[in-house]
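Visitor: Sequence:
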Amino acid sequence: MKYLEIMRAKLAELVAERNAAIAEMETVTAAAETESRSALTPEEDARFGVAKAKVDDVDAKITEARARVAELEEIEARTAEVAKIKSVTFAGPVSSTDDVLENRSATPQQLADAVTRSLEHRVDAPENMAHVRSLVLKHRSDRDWARGLLSRSTEAYEAAWAKVITGRAYDLTAEERTALSTVTNANGNFLVPTHLDPTVILSNSGTSNVIRALSRVVTVTRPGDTSWQGISSAGVTA
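At position 166 of the sequence shown the residue is numbered 166 (the working numbering), and the sequence of numbers has no breaks.
Bear in mind the hints are in silico, worked out from the structure with no lab data behind them. Built from N, CA and C at the ideal position, the CB exists for glycine as well.
Derived lysine-lysine pairs resembling DSS-like cross-links, with alpha carbons at most 30 Å apart:
no.: 1; residue 1: K61; residue 2: K2
no.: 2; residue 1: K10; residue 2: K52
no.: 3; residue 1: K84; residue 2: K2
What follows is a set of in silico ranges between Cβ atoms, one per label pair, in the way DEER data are often shown:
no.: 4; residue 1: V82; residue 2: A20; range: 33 to 43 Å
no.: 5; residue 1: E120; residue 2: V164; range: 18 to 28 Å
no.: 6; residue 1: N19; residue 2: A70; range: 19 to 29 Å
no.: 7; residue 1: R177; residue 2: E120; range: 25 to 35 Å
no.: 8; residue 1: S105; residue 2: S134; range: 21 to 31 Å
Build the full structure now, drawing on both the sequences and the hints.
Guide: See below:
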């Protein structure tokens with residue numbers, strides 16, 4: 001602490017001044033002793049008085065300086081103890097998927113929140129979002145899993161995946177290649193974007209589905225037959 005060093009130096013100066021005043025007093029009385037006098041001359045008495053006044057003044061200053069030094073040393077000691085405490089980094093709220101992915105200290109809750117936020121504008125059915133939230137909260141302690149979902153929910157990954165499956169891998173941007181590389185499996189295959197993943201988004205008969213609404217159910221009744229025998233037609237000609 002800079003101020004502590006200044007006060008220690010000031011205290012040393014005051015001690016030196018006190019020693020000099022004491023030496024002056026001893027010089028004055030030594031002359032009287034040498035001459036075997038029982039009293040000081042008026043001039044010696046004046047010098048002695050000045051030196052004593054100096055000692056009294058310096059003593060008051062030394063007392064004040066020592067108190068200040070002790071106070072600063074206590075602060076310095078407390079600061080050293082605090083420095084020994086292991087620091088903890090608290091990740092603040094983040095608003096974007098990229099921020100969470102780049103923040104390696106993101107908490108499981110932040111990862112879970114980021115995953116659900118990334119899907120809210122892509123999933124229309126309320127029951128699907130409820131399922132997503134339940135699933136993410138249930139497995140949020142698995143950071144690698146959560147990061148994988150989050151990586152596949154970015155626009156860069158979605159665009160890159162669409163290009164790859166349509167044979168346009170040559171058209172990938174640097175950002176899209178990076179997005180793909182973070183979630184490639186051991187065989188080099190690419191997982192579908194999170195909002196298309198059936199392990200995350202419900203696809204059973206209890207969920208909303210545009211195709212299902214336009215379809216009809218056909219019951220297969222022939223024993224051992226697992227396929228529906230449809231009839232095709234070339235159409236009607238006039």
